[in-house]
Amino acid sequence: MSNIYRSNILKSQKRAFSEGTVLVDEDTWFFFEIDAEEESELEFYINHEIRLLREDAWITGVLLENGILATPYERIRMLDGDRIQIKKNILFSLENLIEDISDDAFLQFITTLNNLNYSLYDCIFCHNHLVFLSGQKMKQGVNFINFDNGDEVCAVQHHFSYFKKKRDRFEFTLSTGKRIVIENFNL
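Take the sequence shown: its letters are residues 2 to 188, numbered as in the working numbering.
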């Protein structure tokens with residue numbers, strides 16, 4: 002699986018963007034997030050990927066200072082009241098974890114997570130034990146990951162054993178009591 006394929010999977014994840022409105026107050030730009038019902042300075046999101054809704058179409062670009070959206074073709078000045086989406090970041094420890102697991106394990110993990118109505122962007126905690134084993138030939142342990150999709154919480158234990166064979170076991174436990182276990186072996 003190529004990095005482009007993994008990148009496309011990440012881009013297709015639900016809740017990858019926070020949606021809200023641009024507010025301008027005395028030369029200060031704010032982002033009012035709809036779901037959180039709170040505002041933050043737009044300056045915090047400079048150099049982030051932004052989508053701007055204009056004429057019923059989303060325009061994707063990078064936020065610059067003073068409410069300017071830079072696209073590959075033009076620079077657009079946002080206006081007070083504009084609807085925007087700001088790309089969320091995946092937790093750094095989870096990002097490292099999904100880079101370290103095999104393509105098959107990655108695909109099984111993402112597919113199961115999505116089928117349970119969770120996204121990588123719903124991650125609220127990730128302990129990546131693999132990071133502490135980087136110099137070792139035999140890697141064995143457990144990673145702990147928690148997700149919250151706004152309706153339910155999901156705890157995932159990722160049991161791994163990497164030596165001559167690679168073994169990944171993901172145990173998903175939802176707050177409803179539902180449990181799913183998937184395993185992946187690579188020779």
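Everything labelled a hint here was simulated from the structure, so no lab data went into it. We put the CB at the ideal spot given by N, CA and C, even for glycine. It cannot be assumed that every hint is accurate.
Unchecked claim - When the alpha-carbon atoms are kept at most 27 Å apart in a straight line, the in silico DSSO-like pairs for lysine-lysine are as follows:
1) Lys167 with Lys138
2) Lys12 with Lys89
3) Lys179 with Lys138
4) Lys140 with Lys167
5) Lys166 with Lys89
6) Lys138 with Lys165
7) Lys89 with Lys15
8) Lys166 with Lys15
9) Lys15 with Lys140
10) Lys166 with Lys138
Unchecked claim - Okay, the calculated beta carbon distance ranges per label pair:
11) Glu172 with Thr22: 18 to 26 Å
12) Leu134 with Glu34: 36 to 44 Å
13) Ser41 with Leu11: 37 to 45 Å
Quiz prompt | List of violated hint numbers, smallest to largest | solution = As far as the earlier hints go, 3, 5, 8, 9, 11, 13 are violated by this structure, in ascending order.
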